[in-house]
Amino acid sequence: MPSTFFGLQIAANALAAQQAAVDVTGHNIANASNASYTREVPNFVAATPYTFPSAGHYLTLGEGVNIGSVTRARDAFVDAQYRNQNSLLSYWTQQQDGLNKIQGIVNEPSDSSLASTLNTFWSDWSTLANNAQNSAARTTVQQQSVTLAEMFNQMSTQISTLQTSYESAVSTGVSQVNSIAEQISQLNIQINKAEAGGSNPNDLLDRRDALVDQLSQYYQVSVVQTKQGAVSNYEVKIGGQDLVNGANYNTLAFNPAANVDVSWSGGKPVLAQDVTWATVTTPSGPAQPSVNAAVGSGDGSGGDTGSIKGNLDNLTKLAGLQKKYDDMAQGIADAVNQVQNQGIDMYGQAGGSGQSFFTYNISASSQYASQGAAASLQVNGSILHDPNKIAAADPAGGEITAGTASLQVGTTTYSVNVTAGETLASVLNALQKQIPGAFKYTISGNQVKIDNTTNTTTPPSPQSISFSTTDTSNLWQIAGLEPAPPAPPAPSVAPGGFATGTITVPSSDIQSNGANAQSIADLQNGWSPLQFAGTPSQPVLPAGAGNLSNPVFTAVSVSDYYGALISGIGVDGQQANNMQANQQTLVDSLSNQRQSVSGVSLDQEMTNMITYQKSYTAAARVVTMMDDMLNTLVTGMGITR
Amino acid sequence: MRITNIMMGQNLLSNLEAVQTTIQKYQNQLASGKKINQPADDPVGTQLTLGLKGALSDNSQWQGNASQGLSVLQTTNATLQNMMGMLQRARTLAVEVNNGTFTPADRATTADEVQQIQQEVGSLANTQVGDMYIFSGTSSSQPWQGAANWTGNAGLVNIAVGKGEQIPINADFTGLFQGTGSIFNVLSGFVSDLKSNNLSGLQNDLQNIDNQVQSFTAKEAELGALTDRVQTVQNNLQQSSTNLNQNLSTVQDADVATVITHLTNAQNVYQAALSVGARYIQPSLADYMK
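These protein sequence lines are chains P and X, in that order. When the letters of the first sequence are read in order and numbered with this note's numbering, they come out as residues 1 to 641. When the letters of the second sequence are read in order and numbered with this note's numbering, they come out as residues 1 to 290.
A portion of the hints provided could be inaccurate.
Covered stretches of chain X, going by a simulated chain P footprint (3 or more residues, C-beta under 8 Å) [to be verified]:
id	stretch
1	35-48
2	105-117
3	128-138
4	264-271
Rather than coming from a laboratory, the hints here were simulated on the basis of the structure. C-beta atoms are modelled at their ideal positions from N, C-alpha and C, and glycine is treated no differently.
Required output: the full structure, derived from the provided sequences and hints.
Have a look at this one:
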């Protein structure tokens, strides 16, 4: 027989259980807007029944209800999916961010971009070609060239600044990962203690899940949970390698102080600096990665996505962009310099007195590695000082004028009269005839070779040709006085011919034509005959023909090259935008799935609350009823009135 | 599917963000008037835009060159015509002085006038457009320095009017101004014949002046042809500039009507989303419980 008070006990259990259930509901409602909270469910369990013999057989009576456990409504499969997609989303968000910033730097298409500056640059050379003597046209070319050089400098600086900021983003990410790893390991300790005591530390589990979610922004992570008895072991892995294993954790390292050096492999930049595994906290902890092994280089299941990888890829992209700008700056500088060197300036001097138009602001050879061509491009100081030194004229534009051609040897001068429009060959021929056997000459193209002529000073003005029979090697470029075929008469050298001498041929001021400036303006449409030298980090100061076999880049024209560069950035940007949008949709959908399982629905909680409340009220009624019954028993029975 | 409160909030928020992104895109297009505001908007279009802008910049430079060339050619034509007028006057004088009634004194007086004509032709021959002496070839110094002293050359000044296409904007004037057959020599000879009263010489001078008239006419015809050519090129350039501008506009300009329609649509969606959100986010069972 059960005790008289058996029914009261049942009601008391029910009251306690319903109260606990209302408490759980209250906890759920309180956390209704906490995104990382997992809805808790009170699990009612019927109490162990009471069995007693009665009337020859056993009777089993229920003992009411207990809360067996309070568990979290959580789907581990959706969690894993969410974290995978979340790391991809972070990756593409970073890519999108980087490409947006890059597009901000290139600022195309606009009226203040490199393309517009280049258009004006070429156009100004063309204007100079029409007005070679005009100092305003010269100053315009000079100033526009400064603008162009500064534009390259500025772009390069902006790219470097952006690189620095992504470097620090990577190192911030790495320290976040390390901090999260430590927090997870500490939570593991607390959770294990609670589990050993037999309880469900739901809120601690929530905090751990939230931390792993956070971690999935930085890297793709996988979670392995094993149960040994009541206690579970919790592992978090990146790229197959343990980051956290129970109470122990590994750390990552990134050293932004080291230059983010880029090596070039197959035409693509490869970062030398990667995020690597650092030390382990205890030797008995998680499986030890080899120190300095790149994170995620293992089985490829992680480390290839996430914001840190996104930022590392941004660094690679920026390095590639920097190189392209370096190439372009050097390509333009080399091309302009070469054409410029073929021309003559307002003083009749060749190629700005043999100086380059563009130079690089590099103070010492040790700095070559850190200063690219784009960062250091500048207009030659002597041209900045005097725009008349721009070699706009084509030496072939000169004309022999009427006057006297003379051959001076020592103090003796021989002369012949020259009429306008004569060719160099006829002038030389006349001189040669006047002084038989004085010298022999050959003319080939724009070059004239007199005896075994040598240059004595800087490239000569075309009027004056010095020669010396002692030298046997040099060809002289007589700046372009077009010789007429056929070849001159067979030379006859008198015994004891002149050792040295100077031939002067009257010619008009050739520096007034702008044909060479036009040649520079024509570079806009391509420079296939020209080739360039150098590697991106080591701009080679143009040193003439020796460097021409190794082009910086090949393209139909500089605008073609630039157009391809910009459209490449555009394609990347478009891809990043699309991928980011796709990932966002996926993550939103997974997040909804997760919320669908784990989220708090106020309607549901209210319904539950009413259920529990009514059950509580009913249980209380049972107590009242039992009280009535006991009252009947105690006060109504066995009393004689 | 079980719907929870946070879900509803998240969904509403991401939908609102999506609509706002669209609105911002169209607002950008309207504000800039361009449908390509950064390379990612349309990579191919961006490359096209860069190419077209380059071509337009070339084109406007060539047009500028051509009009500069035209002004030089027109000035040259006008100056040559002035010189022709003076030659005609000299010819009239040459005919007159060959008249037997002219006294040596008359001829000496005429000599002064012819000298004056030579002076004027010379100063016309020094005409400049900008810094350029239009008759001196590629020489930059003043070509006529008095009497028969001519320092100009036969060089042609070329202007670029297309990719690799150059047109000279002057001609070889050395035949007119330089050497024994030059106008200055002819007029000098005329003057000295007048002064020395050399009648047979004066006959010759008339012939020489006639020859000069012919040379000048021939030069004028040459320059006229050149002017036509530059003008044709300029017209072509204008035409192609119009085409290029049209192409550029097709590639990069936003169609305002379309964009405004899209924008209005997006704004309607945004407002609908807001009002729906405000209605279904708010209530729960709690509102109806006592």
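Outcome of the hint check:
For the stretch 35-48 of chain X, the stated coverage by chain P is satisfied: 10 residues place a CB nearer than 8 Å to a CB of that chain, which reaches the threshold of 3. A stretch counts as covered by a chain when three or more of its residues have a beta carbon under 8 Å from one of that chain; for the stretch 105-117 of chain X and chain P the count is 0, and the coverage is violated. Proximity of the stretch 128-138 of chain X to chain P, defined as three or more residues with a beta carbon under 8 Å from a beta carbon of that chain, is established by the 5 residues found. Coverage of a stretch by a chain is defined here by at least three residues with a beta carbon nearer than 8 Å to that chain's beta carbons; for the stretch 264-271 of chain X and chain P the count is 0, and the condition is violated.
Going through the hint list in order, the structure does not satisfy hints 2, 4.
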